[in-house]
Structure formats: C-alpha cells, structure tokens
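Using the hints, build the complex out of the two chains.
Chains as they are written, first to last, in our numbering: chain A, 480 to 823; chain B, 10 to 422.
No lab work stands behind these hints: they were computed from the structure.
C-beta atoms are modelled at their ideal positions from N, C-alpha and C, and glycine is treated no differently.
Wrong hints could be hidden among the right ones.
To be verified - Derived DEER-like restraints, expressed as beta-carbon distance ranges: (1) P16/B x P571/A: 27 to 35 angstroms; (2) P571/A x P285/B: 41 to 49 angstroms; (3) D574/A x P285/B: 20 to 28 angstroms; (4) P16/B x P524/A: 52 to 60 angstroms.
What the hints assert, rightly or not - Examples of chain B residues lying across from chain A (beta carbon under 7 angstroms, computed): (5) V55; (6) L58; (7) F59; (8) E112; (9) F135; (10) A138; (11) P142; (12) S178; (13) N179; (14) S217; (15) G218; (16) S221; (17) S338.
As the list claims (entries may be wrong) - Below, computed lysine to any residue pairings styled on SDA-like, alpha-carbon distance capped at 20 angstroms: (18) K67/B x L602/A; (19) K523/A x K67/B; (20) K67/B x D600/A; (21) K565/A x R136/B; (22) K523/A x D238/B; (23) K523/A x P149/B; (24) K67/B x P606/A; (25) K523/A x P142/B; (26) K67/B x R818/A; (27) K565/A x P149/B; (28) K523/A x A235/B; (29) K523/A x D335/B; (30) K67/B x N300/B; (31) K565/A x R818/A; (32) K523/A x Q148/B; (33) K523/A x T141/B; (34) K67/B x L598/A; (35) K565/A x Q143/B; (36) K523/A x A19/B; (37) K67/B x T603/A.
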Amino acid sequence: MSGVYVCGLGAVSPAGWDVAALGKVLQSQLPVPRQPLARPDPAKPLQACPVPPPLTRPSFLGHPRLRRASPITQYAAAAALEALGKLAANRPPGDRLGLVVCLQSGCVQYSARFFEETLRDPLTASPLVFPETVFAAPASHLATLLGNVTLASTLVGDPACFLQGVALAVDWLEEQRANACLVIGAEESHWLRADALWHFQRSSVMSSGAGALCLSLEPGLSLGVELNAITDAHTFSTDLNRTRAALAMRSQLPSGAPTEVLFDSQDDSPQLDAPERAAWGDWPGRRLSLKRILGEGLMAAAAWQCVAACDEVARGAAPAANVSLVGCNQQAIGARFARSHSQP
Amino acid sequence: MLFPSPPVPARPPRVVITGAGIVTALGVGWRQNADGFRAGRAAFRVVSLFDVSRQRVKTAAEVDLPATLPPTRLGARATARLDRPAKMLLVAAQEAWRQAGWEPGGQIPLILGTTAGGMALGEDYFRQAVQTPQRHRNQPTRTLYYQSQTQGRMVADALGFSGPVTIVSNACASGANAIGQAWELIRRGRAERVLTGGYDALSQLVFSGFDSLQALSPTVCRPFDAARDGLALGEGAAVVALETLDAARRRGASILAELIGYGAVIDCHHLTQPHPEGDAALASMALACENARVTPADIDYVNAHGTGTPLNDSAEALAIRRWAGDRASSLPVSSTKAGIGHLLGGAGAVEAVVCLMALREQWLPPEPAFERPDPACNFPIVREPRDASVNAVLSNSFGFGGVNATLIFRRWP
Numbered sequence: 480m481s482g483v484y485v486c487g488l489g490a491v492s493p494a495g496w497d498v499a500a501l502g503k504v505l506q507s508q509l510p511v512p513r514q515p516l517a518r519p520d521p522a523k524p525l526q527a528c529p530v531p532p533p534l535t536r537p538s539f540l541g542h543p544r545l546r547r548a549s550p551i552t553q554y555a556a557a558a559a560l561e562a563l564g565k566l567a568a569n570r571p572p573g574d575r576l577g578l579v580v581c582l583q584s585g586c587v588q589y590s591a592r593f594f595e596e597t598l599r600d601p602l603t604a605s606p607l608v609f610p611e612t613v614f615a616a617p618a619s620h621l622a623t624l625l626g627n628v629t630l631a632s633t634l635v636g637d638p639a640c641f642l643q644g645v646a647l648a649v650d651w652l653e654e655q656r657a658n659a660c661l662v663i664g665a666e667e668s669h670w671l672r673a674d675a676l677w678h679f680q681r682s683s684v685m686s687s688g689a690g691a692l693c694l695s696l697e698p699g700l701s702l703g704v705e706l707n708a709i710t711d712a713h714t715f716s717t718d719l720n721r722t723r724a725a726l727a728m729r730s731q732l733p734s735g736a737p738t739e740v741l742f743d744s745q746d747d748s749p750q751l752d753a754p755e756r757a758a759w760g761d762w763p764g765r766r767l768s769l770k771r772i773l774g775e776g777l778m779a780a781a782a783w784q785c786v787a788a789c790d791e792v793a794r795g796a797a798p799a800a801n802v803s804l805v806g807c808n809q810q811a812i813g814a815r816f817a818r819s820h821s822q823p
Numbered sequence: 010m011l012f013p014s015p016p017v018p019a020r021p022p023r024v025v026i027t028g029a030g031i032v033t034a035l036g037v038g039w040r041q042n043a044d045g046f047r048a049g050r051a052a053f054r055v056v057s058l059f060d061v062s063r064q065r066v067k068t069a070a071e072v073d074l075p076a077t078l079p080p081t082r083l084g085a086r087a088t089a090r091l092d093r094p095a096k097m098l099l100v101a102a103q104e105a106w107r108q109a110g111w112e113p114g115g116q117i118p119l120i121l122g123t124t125a126g127g128m129a130l131g132e133d134y135f136r137q138a139v140q141t142p143q144r145h146r147n148q149p150t151r152t153l154y155y156q157s158q159t160q161g162r163m164v165a166d167a168l169g170f171s172g173p174v175t176i177v178s179n180a181c182a183s184g185a186n187a188i189g190q191a192w193e194l195i196r197r198g199r200a201e202r203v204l205t206g207g208y209d210a211l212s213q214l215v216f217s218g219f220d221s222l223q224a225l226s227p228t229v230c231r232p233f234d235a236a237r238d239g240l241a242l243g244e245g246a247a248v249v250a251l252e253t254l255d256a257a258r259r260r261g262a263s264i265l266a267e268l269i270g271y272g273a274v275i276d277c278h279h280l281t282q283p284h285p286e287g288d289a290a291l292a293s294m295a296l297a298c299e300n301a302r303v304t305p306a307d308i309d310y311v312n313a314h315g316t317g318t319p320l321n322d323s324a325e326a327l328a329i330r331r332w333a334g335d336r337a338s339s340l341p342v343s344s345t346k347a348g349i350g351h352l353l354g355g356a357g358a359v360e361a362v363v364c365l366m367a368l369r370e371q372w373l374p375p376e377p378a379f380e381r382p383d384p385a386c387n388f389p390i391v392r393e394p395r396d397a398s399v400n401a402v403l404s405n406s407f408g409f410g411g412v413n414a415t416l417i418f419r420r421w422p
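Only chain B is shown next, with the shape it has when bound in the complex (with noise of 0.2 angstroms):
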C-alpha cells in the first residue's frame, strides 16, 4: 500500500549503485563514456535531426544509436514502435540491469527524470494534425509513446520487472530529484532496489526554445570561463540500479559507490533564472552534505551544474564559494557539459554516472576548452585530463522552474 506506508526503520538502510547504464554523445556504455569525459572529448556537430538552417545556432551533441537494440522480452513490433528517447533509455537501462546482476520478475519501482519524454513524436503528431488533419495513421500510437509514463512502462516490459513508475518533471533537475527519490524511497523501507535515472533527447521545439532564449552558445560552451557565452543542448540517458546495501552484499553484487546525500530546494527567484548570489544551490547543496553527514572537507571533487550561461555559472560559483569557504580554493570542479551538452532531464542522471566513473577510476573529467575563470571563480577547473584520489563527490542540477538538487557519492572500496 502507498497508504498506510510500512514503519519507517529506526536507522535507515545505506543505499548502494550495483549498475549504471549510459547512453550520450561520446557512446553507448560504460566504456566508451568513461573514455571520452576522461580525456575531456567534446562531441559536437550540426544537427540533423530537424531543420536548423534558421536557428541561430546549428550544433548540438547528438546519439549515435546502434543500428539494432540488444535484444529484450519486448516483441518486435514494441521495439519498432520506440522512439529515440525511448530507445536511449532502454540501451542505458539494459545496461545498468546486466551490471546489477538483477533477474527479471518482482516488483522493482522504476523512478524516472525527463523533461520532454517523446517530445520528437509529439512534434510529428502536431505536424500531421495541422497539414493533412484527415489521416489518422500512427497518430494513435503516436499519442502513446509520445508519453513519458509509457516509454517508462516499456523498459519494465522489456526486462522484465513489474512495479509502480514514477516520472519527475522538474526541468534540468529531473534526473537527480528521480535518483533522490529513489534513495529517499529505499531509506523510508519502501523498497529494497529500485531502478532510476534520466534521460531526453533532442526535438526541435526545445532547441528552438532555448535559441529563441539566447541560451545557446554560438561558439563553443564553456562553462565557467570569463568568456563564456551560453550552453549546448545534448541528448542521452542514464540508469542506475539501486540498492540497500543489505541486499547487494546478500547476492554477492559488485558494488560501484555508495550514495550517501541528497538535497532539493526550490528557488523562486525567476522562471528561467537562478538567484543571483546562489541562495538555492547553496541551501541544496547544504541539505545533501547533511543528510550525507560530510563537510567540504570531505568532498574531492564537484560535478557542477555548469550549463555555460553566463548567470547560471555566476549564481553557482558564488554559492560553490559560500557552501566550500576555505576549502574552495583547493576543491576541483567541473561541468561535463562542456562535452556532451545540457540533456536536461537526463543531465542529473548522466552526470551521476559520471561521477560514479570518476569515483570507480579514479580520475577527474576535465574541461579542455575553458580558458580563463569567471571572476567568481575561486577554485580550480579540471582543465587536463588527470588521474586523482577520489572518495566523495557532489554533483549539482538546477532546473528551469527553480528545483534545486544535489547529490553526493562515495567511493566503495
């Protein structure tokens, strides 16, 4: 029952990653992934998706799926019917379930982040609806699939799990308020495992709305540099198997970090822009070290939210500075955005797994186009690919709407 809800256990359960599947610019999987933002690749080129010849700027990171998709329970005709997104969830998810080890059948709550779900379908459905209203074909299906909860219902399908699925739109913060869901879901006895992450893809209208915006770089995106003069949009997906750590130990699993923290405020300065001194991002990232019960101190590295515009990076600077004090001089810091792009709803998960990377290979992912700090700057940006000790990270997202969320992982030994 979802009401009245089992006791709350007298000492929550610690909540441990057993696998991560991802799906960006730079790859499909694990490897190829963890390669590219190590050696800090950018993964950039003139959209083809849509027609850009009228936007102002023309580039993002775009997926290159695989022609076909590993084989799944979902029949074909269900597969035919998946769209990018879809599909980019269903490679990263499929991964993530092979490296848990988990096996189909039981109930396993699936919490997931977008911000535009099947958004491409969407735009097919209005174009067909508006320039031959008469035909109807696969306007139905279309309806379907263009939906986030049914593109979620899908992966459950396809390997095999039944259970409840959550669909957290919260902007650019989705994939990290799902992840954190899902920590908060395990910690209140709710659930042993679940499967969470986040994931969007590229579709004219959103591409078109941050051009309209002039939130997009027309150069190259780089967050935190003095120069800096927007941010790039990326597609992908990212999926982690969570668990208690009871359970991953009971069937012997592999574990790849611990998440430790989780923080989510709201900050209601202004629709589309944080507040100028970071009172948001401070306060989240103030509530995820406690909950974690760490300080600055502990944290080795930060996954800054970092879109490359020039208020965001300014609000989160000040409020890295506030939250760090002293220790900001010394803390490393990046955004991964500066290679794959801003997914939005996929960005927190995406850059979750990241982190876990970071933390499993020891390295830091570095920015190779940033070239000088923001004034607000006073800690350092990972410029060079470098191998580094690395026991706690923090990773920021903030979204579009104010929903403020960090996470923070620790290295399993």
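Chain A with its partners taken away, still in its complex shape (with noise of 0.2 angstroms):
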C-alpha cells in the first residue's frame, strides 16, 4: 500500500469561487446570507444560500460543451480546475486523470424544466435540455474540459457517498490506471430540492456548489497532507440504524488530540443531527459544522468538509482532521486526513 497525498483543493460554495473563501468564511463562523427560495407554495418559507456570482466570467464557460451545461457542472468545473492547478501547470507527458463524480440531487434544474415542458406538451420539449438531466453529464463535460481523463464514474448517493469516492479512486490509483484522481461532490440549487428536504428538516437551508479533492500517489505533488483512514461504509439497516452506524464508523477512527480539528455534517437539526452528537461527544478537539454557516449543500457539503479538512492541515492549523458523514439515507462513513511525512 502507497501513501495517498492530497494535491489540490477546490471549492465553489455560498461562501465564494475558491477554497480561500471558504476558509475565509469557516473561520469567521457567521451563517452566509440566506434568502427566500420563489415556489409553487409561498406559504412555505423555503430558504437557500445562493452561490455568489463569480468576481469574472470562469473562462471554461467558452468552452463549446459547458455553454450550455447547467449550474452543478460549472461549480463542479470550477472547483476541478482550482483542484488541479498546481497538477496541471506541470502535466507530464502521458498524463491519466481519474474521474469520479459524486451526486446526490445530481441536475435538478434541467431535470425540472425538461419534465415541466414535458407536461405541457412533450412534442415542444427541448432536445437540448434533456441530455443534460442525465446524472452523468457533469462527468461528461469535465472529462472533455480536461482532456486528459482516461477513467471516469459518476457515483449517486446520500453524501457519505463522497468518501466512498474517494476509495474508488484511491483504488484507481493503487492499480495504476491513472497518475492522479478528482473526487468531486456537487450539486445545485432548485426548490424541488428545498421542498423535499423541508419534509425531514423544517428549519434546513439548501446550498449548492461543489467541492474537489486531487490525489496521487506521488509525494512531491502533495499539498502536505495525506488520505490517513477512511472507514468502512456502515449502511443503514433495519439492524443498524443511523445513531449505530455513527457509533461504528466512529470506532474506526482514533480518539483525536486536542490539536485535532473534526468536521461533522451537522446542521442544527435536533432529530438528524443526534447519530453525530452520540459519537462524537467525546472529541477532545475543535469541531466545526460546516452546514450550519453554508447551509445543507448534500453531496457539496460533503466535499466541503473534507476539502475544509485537507485545507486546515495544509495551512499547519492542526495536525490531523477527521471529517464524520453521517448521511441521511444511505451510510456513516468517516475520514481522517494527516500532516503528510512527505513535504512538497
């Protein structure tokens, strides 16, 4: 077994178009500005944390397949290529990227408007529209933004499903089918989205955005910082229900130093968030709850945390980090990433 460094970072998120405004804003603890969501029922009041425009247009915008590509691919473009800045500006030749996308809500906003137009006349329905609906497409336009992808997969889940991602990937790299992976976690804003998550958390604000780890088993590309443990993926059951899985995925994880910083998904939810709070009340160390100040972003949030995880090492904040999915219909999986013994 190799060490897995991480090599770059990426995020889009209410907070901003890179991981500096995300740091920014995690550090600052204060709640993103949040706004009314316009829907069918204004009695309900639905809210969601909007990703500011960009400061300028992101050039990948005039790329011949993004022009049209919805929101969650262009987050996701953008957080891939923030990822993959140091990586790219010294590609050697030969170079094989992975790709593993990682989608919860996956493209709501195509997938609506193409079944709206649907409903009203299906014979009027947008050609262009519907291929865009597919989960796979982000996948698809980054493979081509990047070019040199050789292996992509787009993965579907509740957000601990990033971290099973991550292992895909980890496995990819091992096997030598590519030099370097991104793992991203995506999604975009839309208020069927906010709607039904309204069912299970009243007080829930979404978010939208993307979040990209790169890996390689290549210890001068690293950020210093390394890919220490990922635990198994305790799935829910009718024998093992949420707070047990978060207890078992917590078990697999060392016990933390008060130098240790944790990222759990809570998201001031008392009924969602009691599995975290039951395995996690011992942690000596600093915690932070990334849902909180930029809103529940499913898969998005979940890159946040380990990105924000990755991040906090690689500036010397704290040695180690262990980020906790705990998600809401699927699994608890858990990571820890590390001081990397290999500097860059």
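Written as structure tokens, this is what we have:
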C-alpha cells in the first residue's frame, strides 16, 4: 500500500468561487447570507444560500461543451480546475487522470425544466435540455474540458457517498490506472430540492456548489496532506440505525487530540444531528459544522467538509482533521486526513 | 476499512457467477427470458404507464410484474412502498440470491447501476408539489424511495444481508460498470462475494427525452440494419451473484460462468454521440480482452450495445471490425435490444445475464426483425434462432456521456 497524497483542493460554495473564500467564511463562523426561494407554495418559507456570481466570468464557460451546461457542471468544473491547479501546470506527458463525480440530487434544474416542458406538451420539450438531466452529464463535460481523463465514473448516494468516491479513486491510483484522480461532490439549487428537504427538516436552508480533492500517489505533488483513513461504509438497515452506524464509524477512527479538528455534518436539527452528537460526544479537539454556516449542500457539503479538513491540515492549523459523514438515508462513513511526512 | 485497504492478492482470484436473476418485458425469471431470447421474441406494446398520446413514438417494452411479490424479510409496509423499479430489482435480486444459495447474514457489498432509480416517484412528487403544493401526503415517502440508494438498501433488508451499497450512474453503461466494479472489488481482495447488477424502469421524463432527441424508432428497432431508424425503450432488472472460485467451490455451489474480463474507458467526443470511428468502443473491448487474456479469436459471440440508432451502430460496427480483424467475418453478433428495448442503466446487467444464458444453454439470441446489414457491418448478425458452441462471449455497453464498458464471460464446464 502506498501513501495517498492530497495534491489539490477546489471549492465553489455560497462563500465564493475558491477554497480561500470557503476558509475565510469558516474562520468567521458567521452564516452566509440567505434568501427566500421562489416556489409554487408561497406559504412554505423555504430558504437558500446562493452561490454568489463569480468575480470574473470563468474562461471555461467558453468551452463548447460548457456553454449550455447547468450550474452543477459549472460548479464542478470550477472546483476541478482549482484542485488541478498545481498539477495542471506540471503535467507530465502521458498523464492519465481519473474522475469520480458524486451526486445526490444531481442535475435537478434541467430535470425539472424538461419534465415541466413534457407535461406542457412533449412535442415541444427541448432536445437540448434532456441530455443535461442525466447524472453522468457533469462527468462527461468535465472529462472533455480536462482532456486527459482516461477513467470516469459517477456515483449517486447520500452525502457519505463522497468518501466512497475517494476510496474508488484510491483503487484506481493503486492499480496504476491513473496518475492522479479528481473526486468531486456537487449539487445545484432548485425549489424542488428544498421542498423535499423541508419534509425532513423544516429549518433547513438549501445550498449548492462543489468541492474537489485531487489525489495522487506522488509525494512531491502533495499539499502536505495525506489520506490517513476511510472507515467502512456503515449502511443503515433494519439492524443498524443511523446512531449505531455513526458509532461504528466513530469507533474506526483514532480518538483524536486537542490539537486536531473535526468537520461533522450537523445542521441544527435535533433529530437528524443526534447520531453525530452521540458518536462524537468525547471529541477532545475543535469541531466545525459547515452546514450551520453554509447550509445543506448534500454532496457538495460532504466535499466541502473534506476540502476544509485538508485545507486546515495544509495550512498547519491542525496536525490532523477528521471528517464525519452521517448521511440521510444510506450510510455513515468517516475519514482522517493528516500532515504528510513527505513535504512538498 | 475502505482505506487503508487489505493487501492485494499476489494473484487475483478467479471470479465466478453462481446466481442470476432477470426481469424484462419477456418475462420474470431465467426460464421465461431464456425461452424468449432464444426464440427472438419481441415484447413491445403501446405504453400504458403514462400518457403517450402527444409523443411521436408510442411503444416500449413494458414489464408485467407479478401481482404479488415473493415473500422476503421486508415488512408489509416497506413492501407496499416499493415502486416499479424497486420491485423489478428485488425480484431479480431474489432469484440470483436463491440460485446462488447464499444465506442471510454477513457483509456482502451491493453494487448497482441505474440511470433513473425511482424517476416515476420523482415525477409524482413534482406533479403534486406544483399542482397541490399544500398537500404533503406521500411526499416524504416519495423523496426517500425515489433515491436509488434506498432501493438498494431495501434489497439488502429484504434478503437479510448488510454491507456497503454503491450506486453507479454512468448512463447506459451503468449496469456493466457495476458488474465490472464488483469484479474488481473481488480481485483486489476487498470482498469474497458481491451482489451486483442494474435496473431501470420506464418513466415519462426519460421516454419524452429520447423522443425529443428523435432517437426512438417510429417503426421497429433493428440494430445494425441498414434501414434502422432508432432505438426502443424497455425496462427491467438483472442481478448476478459474483464470488471467488474458491468460495464457490467451498460451498459446492453450481457455477453458471466465469467473469474473466472487464474494460472501461471514456469517450469525450460528444455528450450523446459516440466517436464516429468507435475509438472508445475499440479501446473498451481491447482492454477487456487484455484483462481476460483472450483475443478476438477466442470470442464466440458478441452481445453488442446495438441500440438501433444510426450513429451508435455504425460506430460500434466499425469498432468491432477494427477490434476483431479477420475474425469479424465469422463472429456472430446480435443486439438483444431488438426484443426488449434499451434498458438504459439496466441494459448492461440484463445483457450480461443473456450472455450467461447463451453460455449455459449453448444458443445465440437472434434479431428477427433484421433484414439488410449496414455496410459497416462485416460480421454476421444472428438472425434466426440457433444452437451454437459458445465458450466465451463479449458484451458491450456504451453510455450517454461517453462511458464505455465491456464484459467478457467464459463458459463453466
């Protein structure tokens, strides 16, 4: 088994279009601005944390494949390019990139739009919109944009699926099927998604964006962070409720130290947060709950947690960072990122 | 732990299939489907699941589900909540599970491919949220059961096992990718057995989508025919039980076939169109052969992706020609989509089970509607039902977005 190094990070979030903006908001601990969401039932006060417009128009939007792409692809592309920054500059010939895109709601904007058109009159439903409704569309666009992708896969699941994506990427690296792998979690906003969330958490504030990790077995490319552990996937079942799954996940990670930091997935919901409160009650270090600041970003939020954890370690703010992903309807998985012994 | 992972075996274990379950418009279960595929039956009819009166094309291959599901460990309430795709998946999974002779309990990874999961539930959610937004009845259940990971969890609960659930959504290659990923998991020593497959059900959004692209055939789905004019949609599920040869032998299990090769590559040419020369398809077949340590001369039958669209079939035909070389002129090829339609995320898994049938029962599935070959085809299309000596088969699956996957199976003596 080789070391797996984090060699790039990328993020698009309600905080802005890069990792620095994400870090700044997390340091301030102040929730990002929220705004009401237009929807068919005005009686339901749904809210969202929007992604602010980029300061300058990203140049990748000029790529023919991305001109019509939905926001989820744009977020994923921006996060991917940021994460690839250093690697892209020093790309060796024959470089092979693996791409794992993880989604929960996926391309909901174009799906809702296309279905609305279908209900109105299928004969006029747009053939340009339909292909963009497919879960695999963002990965396809990204593979074309990046140019050197030899392997790509889209995984669907609850937010803990992001770490399944990381594990898949590690397999590809260890099998030498790719020199580097990008793992991306992304979501986009739509009233339909917020409406569905509302049934499970009335106070939920929907958010969107993307996070990306670039992984490699090459220590020289490391940001100074390596993947230390990913727990088993503790799938919820009739015999394993969310709390027991969270406890099982916690038991597979080190007990932690006061200098370490934990990025959990709590969101101010007494019921939904209970498993993580039980699992991490003895955590001795700092704890950050991103969703309280950035909103419920589902797969994007899971990716932000991992990106923020790696960023914390890369900046030297903590020697190690744990990530706790207790999903809503599938599984609990945790991970630990630590200061790499091989410094860049 | 997902990481660090256990050491990779010095020699990857051989992976065999000990159970297979299938649900298509030809029927429920191995026997009904084997009889249908062997005879080359087509199962298309006017869609009854949603309104197609304003669609350009009005037919698809709908599944007739059994009136009651076979008993499982799911309670009555959970069973009642299952939607069509979840039921198809469960029926196929249960058949595979029983055939494999696996017992409840233990950790078994479940890897499934799908494009739409419970899309029809999502459509119901949307309609109600728009038309009667203050009515919330059934909306939480739809939200949960719409998601494919819930459908996967239901399979595990129903059959009484636990383990990670992975949902692969690489469009029409999803089912083949799921099986390929399961194969890799076993070969890496991560699991001794994996339940895997793919499924998709017809939904209005997807039907309308393919119709809007004018990809649906207004006549008859005829893959590789010179006059082909589009694909037909279908629905269904297929699940296979994969395990190491050692595990199967220890249990004294009956082995259906060996999965010997898998290849997956990406085609960046276009979101919905393959590279016209079939470059990625060629690479996918070549990679699967390399992994399987076979050459085209060793392959007795190709179950083509063969959607029936002009672009797919000409690109795939070129790829098969380039890959097979001289062998192409005598290599039997057919697409079973001619009989059951394109099952999208379920296609790769269903076609894998058709390949198992061909290997077990020594016949080739024909395309009865096929009349005149596309000039790009220099290989024989199986047109009539026929027995054949089949020792190794190759199955192609290519998806929207460009993920191409190939599986190779070998007959078990």
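These are the hints, each one checked on the structure:
| no. | hint | result |
| --- | --- | --- |
| 1 | P16/B x P571/A: 27 to 35 angstroms | holds (28 angstroms) |
| 2 | P571/A x P285/B: 41 to 49 angstroms | violated (30 angstroms) |
| 3 | D574/A x P285/B: 20 to 28 angstroms | holds (26 angstroms) |
| 4 | P16/B x P524/A: 52 to 60 angstroms | holds (54 angstroms) |
| 5 | V55 | violated (15 angstroms) |
| 6 | L58 | violated (14 angstroms) |
| 7 | F59 | violated (10 angstroms) |
| 8 | E112 | violated (16 angstroms) |
| 9 | F135 | holds (6 angstroms) |
| 10 | A138 | holds (6 angstroms) |
| 11 | P142 | holds (3 angstroms) |
| 12 | S178 | holds (4 angstroms) |
| 13 | N179 | holds (5 angstroms) |
| 14 | S217 | holds (4 angstroms) |
| 15 | G218 | holds (4 angstroms) |
| 16 | S221 | holds (4 angstroms) |
| 17 | S338 | violated (31 angstroms) |
| 18 | K67/B x L602/A | holds (12 angstroms) |
| 19 | K523/A x K67/B | violated (38 angstroms) |
| 20 | K67/B x D600/A | holds (15 angstroms) |
| 21 | K565/A x R136/B | violated (47 angstroms) |
| 22 | K523/A x D238/B | violated (47 angstroms) |
| 23 | K523/A x P149/B | holds (15 angstroms) |
| 24 | K67/B x P606/A | holds (18 angstroms) |
| 25 | K523/A x P142/B | holds (9 angstroms) |
| 26 | K67/B x R818/A | violated (60 angstroms) |
| 27 | K565/A x P149/B | violated (44 angstroms) |
| 28 | K523/A x A235/B | violated (56 angstroms) |
| 29 | K523/A x D335/B | violated (67 angstroms) |
| 30 | K67/B x N300/B | violated (42 angstroms) |
| 31 | K565/A x R818/A | holds (19 angstroms) |
| 32 | K523/A x Q148/B | holds (14 angstroms) |
| 33 | K523/A x T141/B | holds (13 angstroms) |
| 34 | K67/B x L598/A | holds (16 angstroms) |
| 35 | K565/A x Q143/B | violated (50 angstroms) |
| 36 | K523/A x A19/B | violated (59 angstroms) |
| 37 | K67/B x T603/A | holds (16 angstroms) |
Hints 2, 5, 6, 7, 8, 17, 19, 21, 22, 26, 27, 28, 29, 30, 35 and 36 from the earlier list are contradicted by this structure; the remaining hints agree with it.
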